[in-house]
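> Letter by letter, the chains look like this.
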Amino acid sequence: GAVVSQHPSWVICKSGTSVKIECRSLDFQATTMFWYRQFPKQSLMLMATSNEGSKATYEQGVEKDKFLINHASLTLSTLTVTSAHPEDSSFYICSAFRGATDTQYFGPGTRLTVL
Amino acid sequence: GESVGLHLPTLSVQEGDNSIINCAYSNSASDYFIWYKQESGKGPQFIIDIRSNMDKRQGQRVTVLLNKTVKHLSLQIAATQPGDSAVYFCAEIPYGNKLVFGAGTILRVKS
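Chains as they are written, first to last, in the working numbering: chain A, 1454 to 1568; chain B, 9 to 119.
What the hints contain is simulated information worked out from the structure, not anything from laboratory work.
Here a beta-carbon is modelled for each residue, glycine too, at the ideal position from N, C-alpha and C.
Hints are supplied without guarantee of correctness; some may be wrong.
Stated by the list, open to error - Computed list of lysine-lysine pairs in DSSO-like fashion (alpha-carbon distance at most 27 Å, straight line):
#1 A:Lys1494 / B:Lys79
#2 A:Lys1519 / B:Lys50
#3 B:Lys106 / A:Lys1473
#4 A:Lys1517 / B:Lys50
#5 B:Lys50 / B:Lys106
#6 A:Lys1519 / B:Lys106
#7 A:Lys1494 / A:Lys1519
#8 B:Lys118 / B:Lys50
#9 B:Lys106 / A:Lys1517
#10 B:Lys106 / A:Lys1494
#11 A:Lys1473 / B:Lys118
#12 A:Lys1467 / A:Lys1519
#13 B:Lys50 / A:Lys1473
#14 B:Lys106 / A:Lys1508
#15 A:Lys1467 / B:Lys118
#16 A:Lys1517 / A:Lys1473
#17 A:Lys1517 / A:Lys1494
#18 A:Lys1494 / A:Lys1467
#19 B:Lys118 / A:Lys1494
#20 B:Lys79 / B:Lys64
#21 A:Lys1508 / A:Lys1473
#22 B:Lys79 / B:Lys106
What the hints assert, rightly or not - Not the full set, but computed from the structure, chain B residues with beta-carbon under 10 Å of chain A:
#23 Ile42
#24 Gly49
#25 Lys50
#26 Gly51
#27 Asp57
#28 Asn61
#29 Val95
#30 Ala111
#31 Ile114
Claimed, not checked - Pulled from the structure, derived: some chain A residues nowhere near chain B, Cβ distances all over 10 Å:
#32 Ser1468
#33 Ser1471
#34 Val1472
#35 Leu1479
#36 Leu1497
#37 Gly1506
#38 Lys1517
#39 Asp1518
#40 Leu1521
Excised from the complex, chain A in its bound form:
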């Protein structure tokens, strides 16, 4: 149990386009999901906290207009990278918080490459 999926697993796009990444909790409901970014050989950095039915909370230094987060249901959060540029190329990982176990469960990640 407690499976989190991400789609797509990898995406290549041209500079200036927008990319949407989905995060789904498959067998539990998650009122809170988190989005992380990870550059090569670095740690995970929290970008934002996604709350179902309300606005996301962004960490300092993360542009909310560039990284749009929507948490429209208890099992789905989306991250849209708008007007992507090569410096946005990274590994994006989501996690879903399961209250019953007080635990975050991580998705497999999405590799974004912006040309």
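Put chain B on the given structure of chain A with help from the hints.
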């Protein structure tokens, strides 16, 4: 700012030996700590956790030790196997449900 750091960026061990991965944390208010394993191109995988009211917790082949006095965590892996090769992160929760990750240690297991 607050951070969780690691002493060793890379650890190489011989198959069958025990591995010890260390982590220093800075937020004395943190009361929950987790070790994750991340294989290349994958998301973090939960290994073991420990709360601040404990000094030691054991799992299958893994043990986490917590020393609150010096704000230090360690992960011990017994009889390290090639499949244990990965990056290991410690993480703390200083408030709410937000995880603060350490820098990571690469564990390489030599056959």
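> Each hint needs a verdict: does it hold in this structure or not?
Hint check:
1. For the proposed pair A:Lys1494 and B:Lys79, the alpha carbon gap of about 25 Å is at most 27 Å, so the pair holds.
2. Using a Cα cut-off of 27 Å, the hinted pair A:Lys1519 and B:Lys50 holds, with the two alpha carbons roughly 25 Å apart.
3. Restraint check: the Cα-Cα separation between B:Lys106 and A:Lys1473 comes to about 23 Å, which is no more than 27 Å; the hinted pair holds.
4. A C-alpha spacing of about 26 Å is found between A:Lys1517 and B:Lys50, which places the hinted pair at or below 27 Å, so the restraint holds.
5. Annotation: proposed proximity of B:Lys50 to B:Lys106 holds, straight-line Cα distance about 20 Å (limit 27 Å).
6. A distance of roughly 22 Å separates the Cα atoms of A:Lys1519 and B:Lys106; the hinted pair therefore holds under the 27 Å criterion.
7. Distance check on the hinted pair: A:Lys1494 and A:Lys1519 sit about 24 Å apart at the alpha-carbon level, within 27 Å; holds.
8. Among the hinted pairs, B:Lys118 with B:Lys50 is consistent with the structure: their alpha-carbon atoms are about 22 Å apart, no more than 27 Å.
9. Pair hint B:Lys106 plus A:Lys1517 holds up; C-alpha atoms about 18 Å apart against a cutoff of 27 Å.
10. A hinted pair counts as satisfied when its Cα atoms are at most 27 Å apart, and B:Lys106 with A:Lys1494 qualifies at roughly 22 Å.
11. Distance hint between A:Lys1473 and B:Lys118 is unfulfilled; the C-alpha atoms sit about 40 Å from each other, more than 27 Å.
12. With a C-alpha separation of about 16 Å, the suggested pairing of A:Lys1467 with A:Lys1519 holds against the 27 Å cut-off.
13. A distance of roughly 19 Å separates the Cα atoms of B:Lys50 and A:Lys1473; the hinted pair therefore holds under the 27 Å criterion.
14. Between the alpha carbons of B:Lys106 and A:Lys1508 the distance comes to roughly 17 Å, so the proposed pair stays at or under 27 Å and holds.
15. Taking the CA atoms of A:Lys1467 and B:Lys118, the gap is near 41 Å; set against the 27 Å cutoff, the hint is violated.
16. Of the pairs offered as hints, the one joining A:Lys1517 and A:Lys1473 holds, with about 14 Å between alpha carbons and a cut-off of 27 Å not exceeded.
17. With a CA separation close to 25 Å, the supplied pair A:Lys1517 and A:Lys1494 stays within the 27 Å bound.
18. This hinted pair checks out: A:Lys1494 and A:Lys1467 have alpha carbons roughly 24 Å apart, not beyond 27 Å.
19. Annotation: proposed proximity of B:Lys118 to A:Lys1494 holds, straight-line Cα distance about 20 Å (limit 27 Å).
20. Simply put, B:Lys79 and B:Lys64 have alpha-carbon atoms about 14 Å apart, close enough for the 27 Å limit, and the pair holds.
21. Note on A:Lys1508 and A:Lys1473: the hinted pairing holds, with a Cα-Cα distance of about 17 Å set against a maximum of 27 Å.
22. The hinted pair formed by B:Lys79 and B:Lys106 meets the criterion: a straight-line CA distance of about 19 Å does not exceed 27 Å.
23. Restraint check, B:Ile42 versus chain A: the minimum CB separation of about 8 Å is within 10 Å; hint holds.
24. Given hint, B:Gly49 at the interface with chain A, holds; its Cβ is 7 Å from that chain's nearest Cβ, closer than 10 Å.
25. Against a cut-off of 10 Å between C-beta atoms, the interface hint on B:Lys50 holds, since the closest Cβ of chain A lies about 6 Å away.
26. Given the 10 Å rule on beta carbons, the hint for B:Gly51 holds: about 4 Å separates it from the nearest Cβ of chain A.
27. A hinted interface residue such as B:Asp57 counts as satisfied when its beta carbon comes closer than 10 Å to some beta carbon of chain A; here the least separation is about 8 Å, so the hint holds.
28. Annotation: B:Asn61 was flagged as interfacial toward chain A, and the flag is violated, the nearest CB pair being 15 Å apart, outside 10 Å.
29. Of the supplied interface hints, the one on B:Val95 holds, with its beta-carbon coming within about 9 Å of a beta-carbon of chain A, less than 10 Å.
30. At about 5 Å, the closest approach between the beta carbon of B:Ala111 and any beta carbon in chain A falls short of 10 Å, and the interface hint on this residue holds.
31. Annotation: interface hint on B:Ile114 holds; nearest CB of chain A at approximately 8 Å, less than 10 Å.
32. With a minimum CB-CB distance of about 23 Å to chain B, A:Ser1468 clears the 10 Å threshold, and the non-interface call stands.
33. For A:Ser1471, the non-interface assignment is confirmed: its Cβ lies about 23 Å from the closest Cβ of chain B, beyond the 10 Å cut-off.
34. Annotated as non-interface, A:Val1472 keeps its C-beta farther than 10 Å from every C-beta of chain B; the closest such distance is 18 Å.
35. No beta-carbon of chain B is positioned within 10 Å of the beta-carbon of A:Leu1479; the least distance is around 14 Å.
36. Not every beta carbon of chain B lies more than 10 Å from that of A:Leu1497, the smallest distance being close to 5 Å; the non-interface claim is violated.
37. The claim that A:Gly1506 is not at the interface with chain B holds, since no C-beta of that chain comes within 10 Å of its own (minimum 17 Å).
38. At roughly 17 Å from the closest C-beta of chain B, the C-beta of A:Lys1517 stays outside 10 Å, upholding its exclusion from the interface.
39. No beta-carbon of chain B is positioned within 10 Å of the beta-carbon of A:Asp1518; the least distance is around 22 Å.
40. With a closest Cβ-Cβ approach of about 20 Å to chain B, A:Leu1521 is found to remain outside the 10 Å limit, as its non-interface label requires.
Checked against the numbered hints given earlier, the structure breaks hints 11, 15, 28, 36 and satisfies all the rest.
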